[in-house]
Structures are given as structure tokens and as C-alpha cells.
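*Asks:* This is what each chain is made of:
Protein chains: 2
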Amino acid sequence: MENRTELDSLGEFELINHLTQYFVPQHETTLKGVGDDAAVLATGGSTDQVVTTDLLLEGVHFDLMYTPLKHLGYKAIAVNVSDICAMNATPKYVTVSFAVSNRFSLEAIEELYAGMQIACEKYGVDLIGGDTSTALHGMTLSITAIGEVYPEKVSYRSGAKLNDLLVVTGDLGAAYLGLQVLEREKEVYKATPSIQPELIGYDYVLQRQLKPEARVDAIQFLDDLKVTPTAMIDISDGLSSEIMHLCTQSELGCDLYEAKIPVSPDVQRVAEEFHLDATTCALNGGEDYELLFTISQSDYEKIKGSPHFTVIGHMTEKVSGPRIITRGNEAIALRAQGWNAFNA
Amino acid sequence: MENRTELDSLGEFELINHLTQYFVPQHETTLKGVGDDAAVLATGGSTDQVVTTDLLLEGVHFDLMYTPLKHLGYKAIAVNVSDICAMNATPKYVTVSFAVSNRFSLEAIEELYAGMQIACEKYGVDLIGGDTSTALHGMTLSITAIGEVYPEKVSYRSGAKLNDLLVVTGDLGAAYLGLQVLEREKEVYKATPSIQPELIGYDYVLQRQLKPEARVDAIQFLDDLKVTPTAMIDISDGLSSEIMHLCTQSELGCDLYEAKIPVSPDVQRVAEEFHLDATTCALNGGEDYELLFTISQSDYEKIKGSPHFTVIGHMTEKVSGPRIITRGNEAIALRAQGWNAFNA
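The listed protein sequences correspond, in order, to chains A and B. With our numbering applied, the first sequence covers 1 to 344. With our numbering applied, the second sequence covers 1001 to 1344.
If you're looking for bench data, these hints aren't it; they were derived computationally from the structure. It is possible that part of the hints are untrue.
Okay, derived cross-link-like pairs now, SDA-like style, lysine to any residue, Cα gap no bigger than 25 Å in a straight line [as the list claims (entries may be wrong)]:
1. B:Lys1161 <-> B:Gly1045
2. B:Lys1070 <-> A:Lys122
3. A:Lys122 <-> B:Lys1161
Stretches of chain B that chain A covers, calculated by requiring three or more beta carbons in the stretch to come under 8 Å of a beta carbon on chain A [said to hold, decoys possible]:
4. 1045 to 1051
5. 1089 to 1099
6. 1102 to 1109
7. 1129 to 1143
8. 1290 to 1299
Idealized CB from N, CA, C, for every residue including glycine.
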């Protein structure tokens, strides 16, 4: 009898490591292959190239019952651009592939592309190719983004040093709460289709869920301030999970201060309404697409005045592991409860 | 009432042109965006980069009832590498994304990756990234391939000149006949599962369908012979359809000689068995992944002794259109009956 191992018995990263373990890069120009937000390639020119790709599936990554196609198109580009930013790189190109069932009309796909076009213009990326196909079920999108970065500016997940400061852009937890609002209104609608959804007063959290922004601006601010992060990752799966990646790959621990995690008043308010803890939303919610990075303590003076960056902790010895220091001054081991595509 | 236009009312190329018409490349480094086998990007180094991407869906592009996963993995890499070759470029990198339902075990995905690994080694490409996800239905693969080429050697679809010779690598029609054999045995199996499939004697056509090769070797032969094609395309959708792309984009016609189309004895034999015309299989079958290209007449002496290349016609004035000159010396307008992903 043949063995059968379920795919969801491995975490996503364990699965990728398992499947790619026998693929050994042959080209010297492959500076970084699998294992970061993007691959890094030497081109022979003055800049390196970074390459990232994402699959987005209806029913897994998005629900068209409450996601306008124009927003979906925008978000599909933004989340890939965010991975480019996470390498401290500048996005330049995207390819877009889609497969759709005959449920989708040309007009629907035009909406999708209209959203992608707005995102391409906003982020300064050229659409350079793609593929289209019919599908038996639903909609699948596959995006590949390519960016460029000077070799001395690339930020890998593995570069954090002991005592480096842990910094985050923007605020966290909103995208997750936006999803809660949309899911609640979907249930109401399913029960009573005549009721209009209650979306007023939720602008911020809804926008963060439906139309997230890649922090291309933050990469520019860092460049202006002459700060090169020692390590960086984008927050797609929740702060906890991303901190753990930084710690694992940099072979360090970290102390994260709960009181310093940036949470907007909107997030506080909506979290209370849903009887959720705002910190938990920020730690485990995901989809905020902010950047998490580390900087040398000597760079602190450069960023401390910026409204875009919040220092939330610092890197510690590996033996301490990743910890959260609560408002009550307790140190608790951080656990990743981020989103796993195979346990969704 | 809103308009609803069905996606299959447009051809694939018309659809892509329609959707991407408002995306105007902003970067000078985008030498070629949408509209060829691959995009071409300037890197600042001595070589340009070419980028191509393909979606492969179960039930649309492959049938796992008769496609071993290892072969599927190999083919998924090969067909993308073929698009890189079609730019006269050398493949270097691939990203691989997959989404699968819980029908698939880890062992099944290991088989898929084993096939991809063999192809990566054979074609000299590094696996540099990808994405994985669960899916509600079936298996979806998305591959992006990146290659490099010296600027003076890039072959676009649009570069053919009047009187250039039309040349093809290898032989045509076998992959389509391999599919016919597999479909026939599938029907037999569905009717009577106890009967073993009759696959003996069909090795060549089955191999061409299940494990096609990208003609990286032909690109090398051309380089050795110091021949740069004036235009090139790979034959994924059938010779007719690809010739029409070359003619349209080069704004020329062409005369294709039926008697010169390379068809193997195996294809003749299997075509007869299926009461099909071997020329029709070659013209419209698709999936052979041979290369179709044009060369200046002055290069004829260089390639005429090569067993890898067959001159099948020449480029004519646009007004003549693409024509096939039959064995009976009749000139008939060529029609594309290639595979269309939205009318499959």
C-alpha cells in the first residue's frame, strides 16, 4: 500500500522547503533563490533584480460576494509590489495571468484590469505579459512582479543583528477587522437579502482589506533618510508570523513590546465591537501589507522623527526566542497563528 | 440592463489586446511588453532579459487520468523554456506556483516536482521561487521563466523580411496524435476498466505529447552556425496559427509548401489509423513545441546541411496573405484552427 501524506500536515514553509530541497541553483547569478519575499538575481548591470510571484484563488484568497473586481485587480498588483518592497527594491514590471470560468463576462474582466491599471500607474510598474485561460471553476490569478535594487541595498530576512531595532510601517490589524465586517454583512445578506449591508463607519478597516497599499513610499522614505534595513519582510500573514521568520532566518530572538504595536483608533473601536483584542488582531490578522524591518541602533536618530515608522522592539540572543513583552511587563513566547494557505 | 459579452466571443489574442490596450509601458527598459512569446527587458548589463509565463489547469490543459505527474512537471517547465527559446534566448530561471485540492497528497506533489527537477537540470534553469496554495478544485500550475539574450540576437515575431525563408525544427503533428491515442484509451478504460490500455507501438507520438522537449539545442545549433533568425515563434498551437502570427506581426504573407512540412513515418502511420490527414495534424495539431523561424536567403547555405532544420516556405508580399501550396500545386489561403483556451 502506498503512503499518503496530507499536504496540510506540513506548514507552508516546511512544504516549500521539502519540495525544493533537491533543486540546487546552478547559476552564479542566482544570488537568492527560494526562501525570502523575492528571489535576487545579478544582471550584469549596476542593479540586481528581484522576482516574486503570487497565486490568488477565488474561494481561498478572495470572495467575490463582497470584493469588487476593480479592487481585486488593484490588490493583486499591490500585494506583489509589497513583496518587492520587502527586499528594499523598486518595483518595475508585472506579468498577469488569469483563468476564469464562463461565469465571468468580458465586462467583469475589464473591471479587474481597470483596477490593475490604476495600481500599475500608482506603483510605476509596466505590465509586460501574462497568460489567459478558461477554467472549469471560479477565478484564479497569478501575478509575477520584478523590481530592481542596488546590490548594497538589498534587505534579506536573514540580515538582522543582535540589538538591532525592530521597526514597522503604518498601523496593524485593520485589514483583518475589515474582513470581519465584510463576513458579518455577508451572513446578514445570506439570511435576509433585502437588508442593505451596514458598511458606514467602517471606511478605514474596509479600505485596508479591500484596497491595501504596498509601501513603495516607505522604501523611498528610508532611502531619503539614508537608512538601509538590516533585514526586512512584508506583513502579509500577521506580525507574529513575520517576526518569527525574521528571527529564524537571522538566527536571533527578539523582544516585541505590546504597548508599542501601532494600532489605529478605528481598529480599537471595531475590535471592541467584535469583542476582539486589538493586539491579537495586529499580531495574527495579516493582510496589512506593512513592512517589518530591523535597523542598526545607530540609525535610530534618523528615523525617530518620522511619522511612518514605529520602533516596536529589538533583536535579542537566539536562546531567548521571539517574545512579546505585555503591557503588564510579562515576557511571553510569541506564537505564529498567521494564515496558512493549506489550513484555511 | 448591463451588457454582457462572453469571453469566448473574442479570440485569445484579441482578448489580450483588448484588455491591455490602456497599459502603456513607462520604463524605457521595457523593450517589448505584451505581444510576443516573451517580454524583453534591458538590464543595464550586456544581455537583455526575456520573461514569459504560462498557466496550466487540470481539465483544460492536462488530464491526470493519463498524464503522469512526473511528466506533467517536466512538460510544465519545458513549455515555458520553449517560449524563452522562441526569442532566441537562453533560459536561466523559473518560478513555480501551484494550487491543489485536498485530493492531492504530498507524494503526488513530490512526483510533480521530481519531473520539474529533471527538466530544470536538463535545460539549465534555476528554480528561484514560487507560491503554493490550497484550491477548491483540481490542480493549477503557474510557471514564469526568465532567460537572457544579447540585444543583437533577439528574434521577435515581427522581424521577418520579404523573401526570407520559413524554417521549422524537428517534425510536426506527433503530439496531437499522441493525445488522440490517450483519449481513445481513456474511453476504452471508462467503458471497460479491466482492459489494459493499448499503448505499445505508439512510443513516439506518446512521448511527444507527454514529455515534449524545448528546443534549447536548436538555439545552440543556430548560434554555432552563426545564424540569427529574423523572426521566431514556438509551435504551441499548430503550424498554421503560428505562421499567421509571424505574417501578421511582420506585415507579410507567406507561401508554405505542403510537401515540405516535416512529418515522421510514425505520424503518417498513426494518422492513417485514426483516419486523419497527417498534414492537417501538423498544421493544426499543436503542442509540438518546435520552433518556427525565418532567415535571410543569404543564410540558406549555413543551415541546408543540418538535419535539425527544414525549409518549408518563404515570406511573400502582405497582399498575398499566408498560403499553403498543396502537393497538387494549388495555392490555398491558410486558416488558423489552432487551439483556443476559451473555446476548448
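*Asks:* Are at least 3 residues of the segment 1102 to 1109 of chain B within less than 8 Å of chain A when you compare beta carbons?
*Replies:* holds (count 6)
*Asks:* Below or equal to 25 Å on CA atoms is what counts here, so check Lys1070 (chain B) against Lys122 (chain A).
*Replies:* violated, 41 Å
*Asks:* If you look at each residue in the segment 1045 to 1051 of chain B, do at least three have a Cβ nearer than 8 Å to any Cβ of chain A?
*Replies:* holds (count 5)
*Asks:* Assess, step by step, whether the Cα of Lys1161 (chain B) is no farther than 25 Å from the Cα of Gly1045 (chain B), and give holds or violated.
*Replies:* Measuring from Cα to Cα gives roughly 29 Å; hence the hint is violated.
*Asks:* Taking only the CA atoms, is the gap from Lys122 (chain A) to Lys1161 (chain B) under or equal to 25 Å?
*Replies:* Violated - the C-alpha atoms of Lys1161 (chain B) and Lys122 (chain A) are around 40 Å apart, more than 25 Å.
*Asks:* Is the listed coverage of the segment 1089 to 1099 of chain B by chain A valid when you require three or more residues with a beta carbon under 8 Å from a beta carbon of that chain?
*Replies:* Per the Cβ count (6), the hint holds.
*Asks:* Are there three or more residues in the segment 1290 to 1299 of chain B whose C-beta lies within less than 8 Å of some C-beta in chain A?
*Replies:* It is violated, with 0 qualifying residues against the three required.
*Asks:* Under a C-beta cut-off of less than 8 Å, do 3 or more residues of the segment 1129 to 1143 of chain B approach chain A closely enough to confirm the stated coverage?
*Replies:* holds (count 12)
Going down the numbered hints, you'll see the structure goes against 1, 2, 3, 8, while the others check out.
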